[in-house]
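**Q** The residues making up each chain are set out below.
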Amino acid sequence: MSPSNSGVASVASGAAAAAARPRAGWSFLASELVLLFRRRRTWVLLATLAAIPVLVAVAVRLSTARAPGSGRGPAFLDQITQNGLFVSVVALTICVPLFLPLAVGVVAGDTIAGEAGAGTLRYLLVAPVGRIRLLLVKFAAAIAFCLAATVVITAAGALIGAALFPVGPVVLLSGDTIGVPDSIVRALLIAGYVTVSLAGLTAIGLFVSTLTDAPVGAMAATVVVSIVAQVLDSLPQLDWLHPYLFTHYWLGFADLLRQPVEFSSFSSNALLQLAYVLIFGSLAIGRFTSKDILS
Amino acid sequence: MAQKFTKWIPAAVVPVVIAGVVIAVPMAANATGSLPDKSAQEVLALVASSNVTALSATFEQTSNLGLPQLPTGTGAQGSGSTAQAASALELLTGNHTARVYADSTNGAENMRLQVLDSMAERDVIRSGSDVWLYDSKKQTATHATLPAKSDAATSAPDAGDAASTLTPDQLAAKLLAAVTPTTTVTVGNDLSVAGRSAYDLVLTPQAGDTLIGTVSIAVDGSTGLPLSVTIVPKGSADPAFTTAFTSISFDAPSADLFAFTPPAGTTVTEQALPAEMAKPTGEAGKGTGRSAGKSADRPVVTGTGWSSIVELNVGTDQSALTGSPLFAQLMTPVEGGSVFSTSLVNVLLTTDGRVFAGSVSAEALKAAAAAAPLAAAPAAK
Amino acid sequence: MTAAAPELAIETRQLTKTFGRQTVVNNLDLAVPRGSVFGFLGPNGSGKTTTIRMLLGLASATSGEVRVLGQELPQQLPGVLPRVGALIEGPGFYPFLSGSANLIRLDSADRFASPATRRKRVADALERVGLTHAAGKKVKAYSLGMKQRLGIANALLTPRELIVLDEPTNGLDPQGTREVRHLVRSLTDQGTTVFVSSHLLAEIEQMCTHAAVMRAGNLVAQGSLDELRQTGQTRIRLVTPDAQLALGVLAGLGLAADVEAPPERGGASADPQLIAPLPEEVAAEQIVEALVANGVRVRGFTVAGSTLEDLFVALTGEGFDVAQ
Ligand SMILES: Nc1ncnc2c1ncn2[C@@H]1O[C@H](COP(=O)(O)OP(=O)(O)O)[C@@H](O)[C@H]1O
Ligand SMILES: [Mg+2]
Chain V
11 MSPSNSGVAS VASGAAAAAA RPRAGWSFLA SELVLLFRRR RTWVLLATLA
61 AIPVLVAVAV RLSTARAPGS GRGPAFLDQI TQNGLFVSVV ALTICVPLFL
111 PLAVGVVAGD TIAGEAGAGT LRYLLVAPVG RIRLLLVKFA AAIAFCLAAT
161 VVITAAGALI GAALFPVGPV VLLSGDTIGV PDSIVRALLI AGYVTVSLAG
211 LTAIGLFVST LTDAPVGAMA ATVVVSIVAQ VLDSLPQLDW LHPYLFTHYW
261 LGFADLLRQP VEFSSFSSNA LLQLAYVLIF GSLAIGRFTS KDILS
Chain Z
12 MAQKFTKWIP AAVVPVVIAG VVIAVPMAAN ATGSLPDKSA QEVLALVASS
62 NVTALSATFE QTSNLGLPQL PTGTGAQGSG STAQAASALE LLTGNHTARV
112 YADSTNGAEN MRLQVLDSMA ERDVIRSGSD VWLYDSKKQT ATHATLPAKS
162 DAATSAPDAG DAASTLTPDQ LAAKLLAAVT PTTTVTVGND LSVAGRSAYD
212 LVLTPQAGDT LIGTVSIAVD GSTGLPLSVT IVPKGSADPA FTTAFTSISF
262 DAPSADLFAF TPPAGTTVTE QALPAEMAKP TGEAGKGTGR SAGKSADRPV
312 VTGTGWSSIV ELNVGTDQSA LTGSPLFAQL MTPVEGGSVF STSLVNVLLT
362 TDGRVFAGSV SAEALKAAAA AAPLAAAPAA K
Chain G
2 MTAAAPELAI ETRQLTKTFG RQTVVNNLDL AVPRGSVFGF LGPNGSGKTT
52 TIRMLLGLAS ATSGEVRVLG QELPQQLPGV LPRVGALIEG PGFYPFLSGS
102 ANLIRLDSAD RFASPATRRK RVADALERVG LTHAAGKKVK AYSLGMKQRL
152 GIANALLTPR ELIVLDEPTN GLDPQGTREV RHLVRSLTDQ GTTVFVSSHL
202 LAEIEQMCTH AAVMRAGNLV AQGSLDELRQ TGQTRIRLVT PDAQLALGVL
252 AGLGLAADVE APPERGGASA DPQLIAPLPE EVAAEQIVEA LVANGVRVRG
302 FTVAGSTLED LFVALTGEGF DVAQ
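Chains as they are written, first to last, in our numbering: chain V, 11 to 305; chain Z, 12 to 392; chain G, 2 to 325.
Everything labelled a hint here was simulated from the structure, so no lab data went into it.
Don't take every hint at face value.
Here are the simulated lysine-lysine pairs, DSS-like style, with alpha carbons at most 27 Å apart [unchecked claim]: (1) Z:Lys15 <-> V:Lys301; (2) Z:Lys245 <-> Z:Lys377; (3) G:Lys138 <-> G:Lys121; (4) G:Lys141 <-> G:Lys121; (5) G:Lys121 <-> G:Lys139; (6) Z:Lys245 <-> V:Lys301.
It should be emphasised that the depicted structure is a prediction, and the values quoted were computed from it without experimental measurement.
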């Protein structure tokens, strides 16, 4: 350790720097995104999600090769054989109830608790990152992961579908047929819908993550919450509660496959998710800003 | 430290604000301008004069008929007549959202009804004399050609499953036709439906033995189009059946919507309509599903007004229906048959193969069954 | 210290922290002069880290006031933290990032740090702690000492007015310890105040100008090292095989001595030691004279008068008892 003065300006200039106006702080968001997408864990999660459309497409391909025309599965799976672009939608339908919440639970549950567990939280806070700013950046990065996850499933589905099945005009739920460019627009809309759908769960995960220093606990709790909400949503006795469950509109992206597009579930979903983000975001702020960082 | 509490202020305020918005927004939407007072007569006239030629609308139907709650999705399982019955039943229970598009400007007779199921859709498309039924789950399409001269503008022809979900205007027209001296008609306070101010036309049956307490029809103040129908059973405060527009626009929908070509991979059946438009299909949805259509027997109506009872002969070959677990779940065995009971309609299926249905008590049905002679003995057996 | 600045870099008043029923920091009145190297001394569990967490706004005080660099905490925290560098309870880094990537991340979190000079500042900080060769290595491949150095480098990323180092020499080899000491001295040359906590007296003694001593959450002494030495009790230390005889002689002179078991050293010297406080009216040479006159074989005699160690031991207790 050289005691030389190299590279260290005088304290006076340090004080001047402190007096200067702070930057917007986008570089911390960029750093957070780099950190998230550089982690091997993130890549494993995304690769696992990408594997689901591949598995679905290969399974359907093999089973139809053996017994052509005896499609006794749900009509949705049948669609795949006629149009590879449908693999994306089928894969999203399969991923939405469990696999996406699992992946989002891991990322959202890790946001604060992961930093606490690694001992980096205290250094971020004295760097300094304001606690609310840290929550906002963490939330934004987690939402970026949600987007990446849905886009990866959609893209992997479209690619494998194009590789294994014919690609052509897409039949909508209404029985109308649309061309390939239009269907790509719809696929992107669906990816957007699913990303928005996951915002509420992300906010819940963020809040849970402020409650503990054990990231695994926060991840598990977030996933459990998503499963409990779906179970409640399937109990007809609780139908008064259903419109308020963040999972209620999760499969509503089917409305984007109607002719004309039904946007009401999109907007209901977006408003519901916004409410969850506001409620759990403010809970996370309340908890995190009043918490002693002892990790 | 006292400051710690201040950090939780947003967490306390935000839910309150959201709850406020959730409560205030619908109230603000309801606070539409009040309508000029009208008598029941005038409101009926407004309905009669209604001349809506084009609309794009979404409506929601909610039934709470007191049937056992079936987990969602059961309706689609099974096969054959059970599936048919279950599917018809499914439309009568729970909640459904549907969209309707209609355009009869320039003499066109275009209509499209879409029942928005989860991950599926059932469509009825009428374009002139062509009628298509499409079911995305089964991937089937049925085509029929209407007789040239048809005045079935408001009631969809053999619309199968999808038609059992009636649009508010269709249902209101049907109910208004039944307005006779047996009913008191009053106008309640103004309502707001789908963001529009509406008169509340309340029909109260005077007959003592009907199950129906009141039928309220919201009539759009400017167009006279019925916007919602709510049926409350006698002695209950909660509606048993509601169908209401949630959004409505009177712009002409895109013409593309009415041009239907069955997509590739769909099983298409051509259905020939009986020469005379089968009237009983209008009575479908009373729980008997396709059996009614199969039977050549005409239904017999006894009684009048709200307490009418429909009698139908379906034959004794009911094993397909009675053997199903769904049947056992829904029917209550009684002396001489079994009863399918809802808060608005009762259906008695006798062991000798007759069906009695009506908005009356099960006792009244049994009495009707006992009174009616076994006129046309079933051909089978 | 140049012309004792009236200003204090850190000032606490009646600072108290309780965890449940346990009072971990009790009515602490710290006064850290600007430009000093301030040693914060205390055995494990005496509340040093907890105090540092409160100074940095990580934990809130149960009661009392904190001023850092003249600003009231926690209200002025956002203005204070950019001027403070810190190592808190050991290093904390992302194991899957390299040393320099870790520093870049922490630097990008600071909205006052210039992105343009970031890479250069990171390289300089790594050089100052001798980690240039390991800059590109993943932190999971670092030894504890290397991580500790990286933690110090983080505190040096931008010029700071105050640097807080919590047990900075933990895990360092003797060479590293020496380097840290050197580094801390060099920091003060630029006018930075350094607040160093340690449970090792020797360390504090060698690099600090001021010190405070903690014991079970209480501040038991505070001041410049000279001031502290003066408050210390002078003692004599006698090494002799004739312990019993010596005890009698010392008692005659009015000294109450404790006998310490001989230090185990491979059987070489197995003489017990006697330690006794030296009253002011008795001169050291007087004692030796009396001992020799009475036939005590004096094999070693020291007046361990003003060592801080004695003070430390006296103030914090001896042995391995960790404060509860
Ligand atoms: N998170 C915590 N919860 C409860 N007690 C704690 C916590 N952290 C530290 N303590 C207690 O506070 C006391 C002081 O700890 P600390 O400040 O870490 O001591 P030091 O840094 O001087 O070794 C110890 O008795 C320890 O048990
Ligand atoms: Mg410590």
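**Q** Looking back at the numbered hints, which does the structure fail to meet, lowest number first?
**A** Going through the list in order, the structure violates hint 6 alone and respects the others.
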